[in-house]
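Sequences listed follow chains A and B, in order. Under this note's numbering, the first residue of the first sequence is numbered 1, with each subsequent residue one higher. Under this note's numbering, the first residue of the second sequence is numbered 1, with each subsequent residue one higher.
No lab work stands behind these hints, which were simulated from the structure alone. As the structure is a prediction and not an experimental result, all values here were calculated from the model. Just so you know, even glycine gets a beta-carbon here, dropped at the ideal spot from N, CA and C. Any given hint might turn out to be false.
As the list claims (entries may be wrong) - Which chain B residues face chain A? A few, computed with CB under 7 angstroms, are given here:
{"id": "1", "residue": "18"}
{"id": "2", "residue": "41"}
{"id": "3", "residue": "177"}
{"id": "4", "residue": "186"}
{"id": "5", "residue": "187"}
{"id": "6", "residue": "191"}
{"id": "7", "residue": "193"}
{"id": "8", "residue": "204"}
{"id": "9", "residue": "207"}
{"id": "10", "residue": "211"}
{"id": "11", "residue": "248"}
{"id": "12", "residue": "250"}
{"id": "13", "residue": "251"}
As the list claims (entries may be wrong) - Sample of chain B residues lacking proximity to chain A, with all beta carbon distances greater than 10 angstroms (derived):
{"id": "14", "residue": "10"}
{"id": "15", "residue": "50"}
{"id": "16", "residue": "54"}
{"id": "17", "residue": "92"}
{"id": "18", "residue": "100"}
{"id": "19", "residue": "104"}
{"id": "20", "residue": "117"}
{"id": "21", "residue": "144"}
{"id": "22", "residue": "181"}
{"id": "23", "residue": "195"}
{"id": "24", "residue": "206"}
{"id": "25", "residue": "210"}
{"id": "26", "residue": "244"}
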Amino acid sequence: MQPVLNIKQLDVKFKQSTGVVHAVRQVTLSLGLGECLGVVGESGSGKTQAFMAVMGILEKNALVQGSIQFEGREILGASPTTLNRIRGAKLTMVFQDPMSSLTPHLTIGTQMAEVLVVHQKESWGNAERAALQMLDQVRVPEAARRLKCYPHELSGGMRQRVMIGMSLLCKPSVLIADEPTTALDVTVQAQIIKLLQEMRAELGLSLVLISHDLAIVSGLADTIAVMYAGRIVEQSSGGNIFQHAKHPYTVALLKCTSDLASPRLDRLPTLQGFPPDLTQELPGCDFAARCSRASEICRRVRPELSAATFEYRSLDAQSAHPVACHHPYES
Amino acid sequence: MIHSPLLQVSDLCVQFGAFTAVNPVSFDLNEGETLGLVGESGSGKSSLARAILRLVPATGVVLWKSENILACSHQRLRRLRRDLSIIFQDPLASLNPRMQVGDLLAEPLHIFEPALSHNERQRRILKMLDRVGLHANMLTQYPHEFSGGQCQRIGVARAMMLQPQLLVCDEPVSSLDVSIQGQIVNLLVDLQIEFNTAMLFISHNMAVVRHISDRVLVMYRGQLVESASCDTLFAAPVHPYTRALLAAVPVIGATAARPSAML
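Start from the sequences and build out the full structure, keeping to the hints where you can.
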């Protein structure tokens, strides 16, 4: 079966006065129908830039290379007309800050209806009825009243529900959620994650969940890709990566993600040092400078992702667990 | 020997127009103690913290070493603020973008210790910069040149410059990466022990609150709904809201958000 989204050897570079920032490096990922892919990494790891490239919404100084296939069609380098037919309809994205993603001077109803008027040539009346139905579906209480509200009249959690509802109006096959809960409270965060899960089941949606929080991704994702300095360093099935993390970076990240189940410690575990400068190309492993297992070879030779392509359907727990490391932890 | 608390808050109310942000709230804070304050957005955590420092209008009594902060003269208030400090959530927005790091750190000294010689001031600034893990060559840089974690270190350095007796931390790690959060929390704990500073630590990150607090207050819709020692609160939460809050915390490796956690 064809994956619905297939990214191959994606490279994203930004030209700046200080040099060329190589933000995404040789990223290969695929997303199956109805599947949820989690992408995890620190700020600056390239996780957002990779999917902004998929949406074709990067800044003008970006140079994108590689291949991005959506439903079997190459969309990298496609014309704006072609992209506009797909974006917001079949391929949608929800961002971290629900306030700045909504237009402040239009009511929720108008903004939502507009999506259908533009993409499906619906009449405003029909579009507004569909918007109302969608607000109900994303569990917005008193939906009819909220349609007449402006974004600032809603709480952060409600706004994020509206964003998710808006992105689902044209029945997309892929929803990319970029840190959808980072700006929200713990309790609201749990509600939004639950909503995404329900929408996935109800609509057969394929989901990309981008986050820096492993605990959040772990609740939803079938497969998880860990990114560091623009590269995928480890990829595995969702549950597997937590019990059997192989890359020292993943292990360190897991240690930092304290939850209430772990014992109370004297000091919180931290990750020392900084990610590398992305304008430079290091000969060896990007993580070597911060890694406790690094040896001489790590600084000299770049470790390749052990299985170059990750077949999402062949998720045999142990066999499909590529890792880019010379000294991985044994699971 | 019985110590009277450093800070005694009684019947503190914050009202914005017709909206009541904080209903009568009372609690104590002892010297060197860390009090966690949790609750969802809009529950009144920040309003409470700001009211204590008299940054927003409030009614009630805030006794700081038996002096009412809410009733003292502005002159007196300025003097008291030497010992009261605050760190905000957004590290970049809370630093003046047009000031170099050196000037940002010198400002509290200029205001509260104007008699200090130039050399002594520089010595104190460099010592604090080193203490929070930043390099001396960063003194002439501007806030936008730093990462979020580094900006928060500058914020911590500025807040601790005068070795305050009370530090209010309003979501100090919420906008930072998981890997950086631990560094900032550890730094706060180290400085707190060194200066014997009492802390009011606001966060919705329950794991961090559990780590840092001696006691925890839970707020819901402007009211204190539970107050307990840290261990008691996390082991045996009593109020239904506290239970829901704890149940909503994601657990690594758990396969789904649990419906019981929904509010």
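Check each numbered hint against the structure and report the violated ones by number, ascending. 1, 5, 6, 7, 22, 24, 25 and 26
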